[in-house]
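Trainee: Build out the structure end to end from the sequences listed, making use of the hints.
Every number in the working numbering is 275 more than the matching position in the first sequence, counting from 1.
Careful, some of the hints might be misleading.
[Stated by the list, open to error] If you anchor each label on the Cβ, the simulated ranges turn out as follows:
no., residue 1, residue 2, range
1, Glu320, Glu362, 23 to 29 Å
2, Thr720, Glu284, 34 to 40 Å
3, Asn448, Arg324, 21 to 27 Å
4, Glu416, Phe343, 17 to 23 Å
5, Glu362, Gly587, 51 to 57 Å
6, Lys373, Asp688, 58 to 64 Å
7, Glu719, Glu510, 33 to 39 Å
8, Lys590, Tyr302, 40 to 46 Å
9, Asp548, Pro341, 41 to 47 Å
10, Pro341, Lys474, 44 to 50 Å
11, Leu517, Glu320, 38 to 44 Å
12, Val310, Lys474, 33 to 39 Å
[What the hints assert, rightly or not] Derived DSBU-like pairs: lysine-lysine, alpha-carbon spacing no greater than 35 Å straight-line:
no., residue 1, residue 2
13, Lys452, Lys440
14, Lys613, Lys306
15, Lys405, Lys329
16, Lys331, Lys677
17, Lys693, Lys470
Since the hints were made in silico from the structure, they are not lab data. Glycine included, every Cβ here is placed at the ideal spot set by N, Cα and C.
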Amino acid sequence: MAKITKQSEDFSKWYLDTVKIAELADYSKVKGCMVIKPWGYAIWEHLQRGLDKKIKAAGVKNVYFPMFIPESFINREKEHVEGFAPECAIVTHGGGKKLAEPLYVRPTSETIMYDTFSEWIQSYRDLPLKINQWANIVRWEMRTRPFLRTTEFLWQEGHTAHETKEEADAEANRALKMYKDFDREFLALPVLTGKKSEKEKFAGALYTLCTEALARDGKAIQAGTSHNLGQGFAESFGINFLDKNNESQKVWQTSWGVSTRLIGTIIVVHGDDNGLRLPPRVAPVQIMGVPIYRSDDDKANVMGAFEKIKEGISKIKWNDEEIRFEIDDRDEMSPGYKFNEWESKGVPLRIELGPKDFENGSCVLVRRDTGEKQNVKLSDVVEAIPDIMTDIQTGLYDQAKKFQEENTSDVTDYQEFKQKLEEGGFLRSGWCGSEKCEQKIQEETKATIRIVESKSDDGECVYCAEKSQHKVILAKAY
RNA sequence: CGGGGUAUAGCACAGUUGGCUAGUGCGCUCGGUUUGGGACCGAGAGGCCGCAGGUUCGAGUCCUGCUACCCCGACCA
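Mentor: Have a look at this one:
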């Protein structure tokens, strides 16, 4: 099997090697689109299940809307159309005939959903309306990379409508916190959260909140977004309701989403020179058993011991779920081959069991997060597993958190900023709030404001040295 | 959209100044030996040489055109 390029040699190549060797996805014959393979899709399914539970716990119901959006819908909200129209795929023919009105393949579903919202919402009693859909999205990007940016991708989009701005604020913040918690609990991803600048916000939103992770090459990656859409869409789509005083009001709306990019984020945040390292909560296989034997007798003993472990594991739970344990009993592969294969695929824990171990009544546990090997008595192994899973999950988070902290620094002037930017990472500084400075910084350094953290008149703008209005996080981004 | 690259077996590639039967490694199938960090031997199967034209006695190789994908940048989750 092929070797993976070292991260230090060429991170981008390492990334593509890892996607391929871990069998997450293949290129398809359609430009910018990928085939998500079983190993990659299983990660998506576990991720999806975990997040879906949190979404439902917030009282949001799942729905499904068409992937085709009439052109006139897209055109209804001015900022929105300007933001998205250039990157849309458009269907002009159907059933062999030219369509009277072209259909846009959804680049996001605000417009098609909100046309329907105007029918669903009549009274304040219909509010809040909270729905979510798991769907595919198409955006004709010029530059694509598997999982990080693809022409078609999978995502979840939540859409809510409320009576007041305060409620919409609360919902946008709730979704943001949900993502942050989910990122930590399931994906072991530490993220920074905050607002986007006006320049970076979602087309048509009042403001955009986001989660930002830091990849191991020092680049920022937006992992999730949550928008307070204000009343702009309500205005364009006529989403009005009668309040308690029988007066017509426009709703306040939010939308929020995460995509298959989260898988890309897991790769670039946790991956190492041996390939993928998966957080146990989303790993398709959490524990892989690798038997080692020479004779038929050895094999019988070893497989027998594994069957007992399997039985024991099937009776316990971790985070209220059955533990995903498999035994790699392929006879034609050597143990060494299997070790490498499952390491590159990111399996969190491996159990090795050979004749020597069997004689000693023990087995060897090998952690993917640290590489640490440990002898454990066969009688104790099942019991030890839940804690080890938890250790790996938090261990990956802690490692990533440490990396993020070590690669976040405060800068005060532009020289220092440019210098530190070379090394990568998040840079915190003051900002006067002008889009001109933001633009200049991007033109000159390719760094963008990832997050506007807080209002702060402490210090000076990193670019123009005028009085600072905000603390911001800057970085080069994916 | 600019720059670069590639297109030959499932994958990675080689194929000389055009030359007769299309090559190597990995993988695959069968048999045997192996198995504690990517095992080995033997025998096999597998090709519209991206597509369309052209030059030539003869084209994977030369010429023209096309198409597709990849990589690097600017636009973006």
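Trainee: Next step is simple, just say for each hint if it's right about the structure.
Mentor: Outcome of the hint check:
The supplied range of 23 to 29 Å is met by glutamate 320 and glutamate 362, whose beta-carbon atoms lie about 28 Å from each other. Take threonine 720 and glutamate 284: their Cβ atoms lie about 24 Å apart, and the range 34 to 40 Å is violated. Checked against the given bound of 21 to 27 Å, the beta carbons of asparagine 448 and arginine 324, roughly 24 Å apart, stay inside it. A hinted range of 17 to 23 Å for the beta carbons of glutamate 416 and phenylalanine 343 is consistent with their spacing of about 20 Å.
The hint said 51 to 57 Å for the Cβ distance between glutamate 362 and glycine 587, and at roughly 52 Å that hint holds. For the hinted restraint 58 to 64 Å between lysine 373 and aspartate 688, the CB-CB distance of approximately 59 Å keeps it satisfied. With their beta carbons about 38 Å apart, glutamate 719 and glutamate 510 fall inside the hinted range of 33 to 39 Å. Between lysine 590 and tyrosine 302 the Cβ separation comes to about 42 Å, which falls inside the hinted range of 40 to 46 Å.
Here the CB-CB span from aspartate 548 to proline 341 is close to 45 Å, well matched to the stated 41 to 47 Å. Remark: the range hint 44 to 50 Å for proline 341 to lysine 474 is contradicted by a beta-carbon distance near 32 Å. A hinted range of 38 to 44 Å holds for the C-beta pair leucine 517 and glutamate 320, which are about 42 Å apart. At roughly 35 Å, the beta carbons of valine 310 and lysine 474 sit within the given window of 33 to 39 Å.
Straight-line distance between C-alpha atoms of lysine 452 and lysine 440 comes to about 18 Å, which keeps the hinted pair within the 35 Å bound. A distance of roughly 33 Å separates the Cα atoms of lysine 613 and lysine 306; the hinted pair therefore holds under the 35 Å criterion. The suggested pairing of lysine 405 with lysine 329 holds, with an alpha-carbon distance near 13 Å, which does not exceed 35 Å. A C-alpha spacing of about 32 Å is found between lysine 331 and lysine 677, which places the hinted pair at or below 35 Å, so the restraint holds.
A hinted pair counts as satisfied when its Cα atoms are at most 35 Å apart, and lysine 693 with lysine 470 qualifies at roughly 23 Å.
Going through the hint list in order, the structure does not satisfy hints 2 and 10.
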